[in-house]
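> Fit chain B to the supplied structure of chain A, relying on the hints for placement.
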Amino acid sequence: MRIPINWLKEYVDFKLTTGELSDKLTMSGTENEILSEATAIDPNVIVAEILEIKPHPNADKLRVVRVRISDKEEKEIVCGAANIEAGQKVPLALPGAKFGEFEIEETEIRGVKSPGMLCSEKELGISDHAEGIMILEPDSPVGESLANILRGGKNVLEAEITPNRGDCLSIIGVAREVAAVTGKRIKDLEFRIKESKERAEDFLNIKVEEKELCPRYVARVVKIKNNGKSPKWMQERLIESGIRPISMVVDVTNYVMLEMGQPLHAFDFDKLTVNSKQKTEIIVRRAKDNEIIKTLDGIERKLTKDDLVIADLKQAIAVAGVMGGANTEVDENTKMVILESAAFDKVSVRKTAQKLNLRSEASNRFEKGIPISLNEMAIDRAAWLLAEIAGGEVMSGRLDVLSKWIWVQHIGFRISNFEKFLGERVEEKRIVEILKSLGFEAEKFDIKKEAKKHLGKPYIYGASFRTHGTNAFDCSYFTDYIYSLIGLNIGHTALDQFENGKEVKEKDLKPGDLLFYIGHNPRKSKKYPKGVGHVGLYIGGGEIVDSVKFEYDEKTKTYKEKGHQAVHEQPVEIFMENPEFLGARRYYDDLDDFIAVAVPWWRLDVTLEEDLYEEVTRIYGYNKVKSTLPIGELPKPKDLEKLSLVKKIREVLKGIGFAETYNYSFIGEDSFKALDLDLKDAVKIQNPIAKDLEYMRTLLLPSLLLDIQKNQGNFEAIKIFEIAQIYLSKGKIDSLPEEIPHLAGAILGGESPGINYKEGKEFYQIKGAIQNIAKEILDKIDFVPGTNKNLHPFRSADLLIKGKKIGFIGEVKPDILRKFDIKKRTAIFEIDLSTILEIVGKEKRFVPFSRYPSISRDLAFVIGKNVQVKDILSVVDPKSDLVQNISIKDIYFGKEMGENKKSVLINIIYQGKDRTLEEKEIENIEKKVIENVSQKLQGTLRD
Amino acid sequence: MKQEIEGLRESFRSDLAKAREERELEATRVKYLGRKGLLTLILKKISDLPLDQKKEIGSLANSLKKEITALLNKKKKDLESLKVSNLQKEAIDITAPGSKFPLGHLHPVTQVFDDIIEIFKRLGFSVAEGPEVESDWYNFQALNFPKDHPARDTQDTLFVSEEIVLRTQTSPVQIRYMEENKPPIRVVAPGRTYRRDSDVTHTPMFHQLEGLAVSTDIRFSDLKGTLEYFVHEFFGSERKLRFRPHFFPFTEPSAEVDISCGICNSKGCRVCKFSGWIEVLGAGMVHPQVLKNGGIDPKVYRGFAFGLGIERLAMLKYNIDDLRLFFENDLRFLKQF
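Protein chains in written order, with this note's numbering: chain A, 1 to 943; chain B, 944 to 1280.
Incorrect hints may appear among the rest.
Calculated pairs, DSSO-like style, for lysine-lysine (alpha carbon to alpha carbon, straight line, at most 30 angstroms) [stated by the list, open to error]:
1. A:K626 x B:K1216
2. B:K1242 x A:K429
3. B:K1125 x A:K636
4. B:K1278 x A:K642
5. B:K1043 x A:K710
6. A:K277 x A:K197
7. A:K642 x B:K1064
8. B:K1242 x A:K624
9. B:K1210 x A:K24
10. A:K642 x B:K1125
11. B:K1064 x A:K648
12. A:K819 x B:K1278
13. B:K1090 x A:K732
14. A:K642 x B:K1260
15. B:K1216 x A:K15
16. A:K813 x A:K673
17. B:K1242 x A:K448
Simulated from the structure, these hints should not be mistaken for laboratory data.
Bound conformation, chain A alone (with noise of 0.2 angstroms):
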């Protein structure tokens, strides 16, 4: 929302600078910036006039446009645009002119010199407006900056009025906030309709058949004796604000909803259907199925019974709420307009508007709700200036259909609750002062004087405030109105007020207590039989005020109608005294602790304590309050032994050179299509960014893959690694999917420290880095021989904990790294969290170790080259307690071994639990060895 200082000051008179009046704003919610040099117009834009208009001799798009720009100095630009002609004034952009970042410079285009830009309102940054060149007044002087004409940019602010507060999205809203904030009077709006003598209501009928999507509907008729241009100060206030100057109706409709925040249409009335009475009549209805109408951008639009239209005789004529129709469209013949200020329902104007993909000022507005108080003043406002401006005439009289109760939100403000609420105490009389400033009603509260203001009201029985306002009660609407003030539901009637009540002693009476007695006809229920008739309000010094039909008489033991049937004071002991009399009620402890409150009109965003507590905050200053730590009993602390999990392996993947990688949680069908993935368990978006990121991963190893993919380019090694959520479809579209956390790894290229591998380097990495894994998460991980589709099927694994899957390792298949368009051979893991959290070891535990020495032996074996190691280690072991590791300390294929052979160097060592070993009963072991692998798998020794 733009604010031109200028016209804030027609509201409320302050002294600040701009920027002072900016930071006021800002520190009390109205978030805003000062549109500043950049934004504001280019003293290099000047105006242009347009002598000849000649096609340019390349391009038949394009245009070259003789301009003048001072008596004696003429230039040629090339222009595309088609909505000029000669002798028009234009914006022209000189060179150097700057908009943002973007520089103006002498080009050619198409073999033709520019020496500058022709501009539309869009480039000026005037209007969203984008098609063809702005069109300036033909009185424009030439030569003239634009920015000294259209004195636009720096006296402005722009604001951005967050969603709860659209009484801000006018001026006026935006002068309260300021007067608050200065501590100012806003100033009243002055202006006097002067109606003529014809009827509206002769004119123009209406009839609001949605009365819960318009609640209220307001139309004046009002006659004009030409629709030209609106006054200059009037154009140069749109268009300071954003919006596009189009004719005096127009522009009024505008101007008021930019003024007051009241959207308004206007009706060409000849365009209307009248019958024979030449009267017409406006209907508020839902459309048709299918029902089209043109809006007045040009757009035929088709609508359903779920969209409001409103609607003439014969055709809709409007969207409600949304944008008025091409059919009933003000032109320059327009001589005679029907006002439209209504209230649409919020949601239905949101939906309709979303739907047909058409955001206006209007339903931004309507969207956020109109006060429908609004209504009336707005079509007044707007009729007045139309008289002034236009020469208009305001027919007699506001056609208003209005289906839905004004009344007025009071809530109790409790200042030692917002003391416990702020950390602070603010002064009672601080919170009314503010409170008063944003247009509040606020006093502390009390009850007896509150009493006091309605003795003599009449007694009306089945009073409310709907049907009878402030001006006759009967008992318990006035004990209950009493108690609204202060925003206390107590009940309706006296017998719920009697059951909602706690029980007070008549010795301990306070004023704002309640007495009740059977009284007349009284209302029954299953807890009093006998029913609860009559309540009164006690106000303290023995006096109690009730509002009374009926008088107790002591003779008959029966009630009779009084004579003076009214709010009146008595003693309270009439009450007491009654035999009849069935004890007193209270509802809050400290009713002095009130100040009641009554939110103006315009802030529908206020219903609770809560949100007069930020209002008074906020004008107090979020800054002033002091900073404390929370007090009281201390929370149990509750970890999540993922986080502990997935620190611990990052740490360990971190410590020997991996990287840590966040891809997106969504891919594109190609991934899923390029490894053997199954579509049906993902997740798919409705509405994707775009195709590569339209589903949930089901997998984490698709995106380690691209991200190899992209830096193979830079690094000859890559060590990634991701941990992140994996989402598996339940297959039903209304119920969340399985989440299961993930960690996945890859490796292109690099060495493998320790056993020098020729082949498969890639695995072995991945292979140790998981073992490293396994180590610091306290638990065995075993590799038997993969089964997953898209793994080498020769090098690569299945990973299992305690005989259950926890995920798999191994070579990319060829094939698939060159889907991905990977060019050296990489290794992967993915291993599922949820598992190893379910089974791995909490804590880590010491296990005793010996104290005595312990003897490390190699031994060197040429083995056939296919025997696993698996195999060699289980043969090497002696099975003895002697026997502490048995570790494989170095393969090696040299040629030298013979054909198919290979070398193992195995350590195996020694240690005894109680004892320093003996020499001999190491050689005893290391015999049974070497026998075991010359007999079992042909190896022999290596000298």
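Same frame as chain A, but now just chain B:
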């Protein structure tokens, strides 16, 4: 006795010649000059000699002592310089590269999450998580965003179905946590979030950390203090904070929090758009209806909540100027962290 002294001189010289290292040198010193050393014993005996010998023998013995001390010192120095020259022969090029250990890298988002969680743990907060694919109820309605409410415009949503969305914020974890835990509550919830937005300053996926505290006596001032503590820990205690009123449907009152710009020291620069302040988070007192939706009685309990954008914090902390770098996974970026 004279001879004895001469004999000592001889034997000392041969002992000294034999000493190859400091330890042996020290042994030689002790042998002659120690408390029970050979020369020491002689010096002790001198006082018993007759007066005429006393002077002669005394001066002989003393000069031997001087000689021995001087020779020992010299030899000590010789040994030391020998040691140095021996080591010198072993000189290496210390400017040659060190052994190549693998060096891994954690993503900046991880590092920032870890830092933040650490800070909040010190204030007694626990950590929770919630689903990323979330129901409309938890992501919106329970947080006071009714269907077809304009507040939804601020969060362009990726839909799985009418009722299922990719969560647009970590705030739904507030509701889930309240449903499962009784106050007092102090919890932070880190995680991925998604919006249908993709340009220079928006990525369709980003990260947030949600905070929630609920108890019988939470105050607005506690929210301020907690966030102030966090900002000072994370960015440094010289940073100033500014709380600006704002609107979020699920808090009342709501605030946006700015910190003073660390690049220009609040003087105004491109990063802070010449305002001197940088917006870092949103916060507020939990709306009573939201407490109710989480199964907590707003008449008894109050709470505060806040949400941090992790990438934004990481950009400020590490001086990263392009949001998209976080998810391009270019190792030239990742290896800097």
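> If a hint holds in the structure, say so; if it doesn't, say that too.
Against the structure, the hints:
1. A C-alpha spacing of about 28 angstroms is found between K626 of chain A and K1216 of chain B, which places the hinted pair at or below 30 angstroms, so the restraint holds.
2. Simply put, K1242 of chain B and K429 of chain A have alpha-carbon atoms about 26 angstroms apart, close enough for the 30 angstroms limit, and the pair holds.
3. Using a Cα cut-off of 30 angstroms, the hinted pair K1125 of chain B and K636 of chain A holds, with the two alpha carbons roughly 10 angstroms apart.
4. Our distance criterion of 30 angstroms between C-alpha atoms is met by K1278 of chain B and K642 of chain A, whose separation comes to about 26 angstroms.
5. Straight-line distance between C-alpha atoms of K1043 of chain B and K710 of chain A comes to about 25 angstroms, which keeps the hinted pair within the 30 angstroms bound.
6. Taken as a hint, the K277 of chain A and K197 of chain A pair is honoured in the structure, with Cα atoms around 18 angstroms apart against an allowance of 30 angstroms.
7. For the hint pairing K642 of chain A with K1064 of chain B, the CA-to-CA distance comes to about 16 angstroms; that is within 30 angstroms, so the pair holds.
8. Simply put, K1242 of chain B and K624 of chain A have alpha-carbon atoms about 26 angstroms apart, close enough for the 30 angstroms limit, and the pair holds.
9. A threshold of 30 angstroms between alpha carbons decides the hint, and for K1210 of chain B with K24 of chain A the separation of about 19 angstroms falls inside it, so the pair holds.
10. For a cut-off of 30 angstroms, the pair hint linking K642 of chain A to K1125 of chain B stands: about 22 angstroms separates their Cα positions.
11. Taking the CA atoms of K1064 of chain B and K648 of chain A, the gap is about 18 angstroms. The hint holds against a cut of 30 angstroms.
12. Using a Cα cut-off of 30 angstroms, the hinted pair K819 of chain A and K1278 of chain B holds, with the two alpha carbons roughly 27 angstroms apart.
13. Restraint check for K1090 of chain B and K732 of chain A: satisfied, since their Cα atoms lie roughly 22 angstroms apart, inside the 30 angstroms limit.
14. About 27 angstroms separates the Cα atoms of K642 of chain A and K1260 of chain B, which keeps this hinted pair within 30 angstroms; it holds.
15. Distance hint between K1216 of chain B and K15 of chain A is fulfilled; the C-alpha atoms sit about 26 angstroms from each other, no more than 30 angstroms.
16. Between the alpha carbons of K813 of chain A and K673 of chain A the distance comes to roughly 14 angstroms, so the proposed pair stays at or under 30 angstroms and holds.
17. Under the criterion of a C-alpha separation no larger than 30 angstroms, the hint pairing K1242 of chain B with K448 of chain A is consistent with the structure, at around 27 angstroms.
Of the numbered hints stated above, none is contradicted by the structure.
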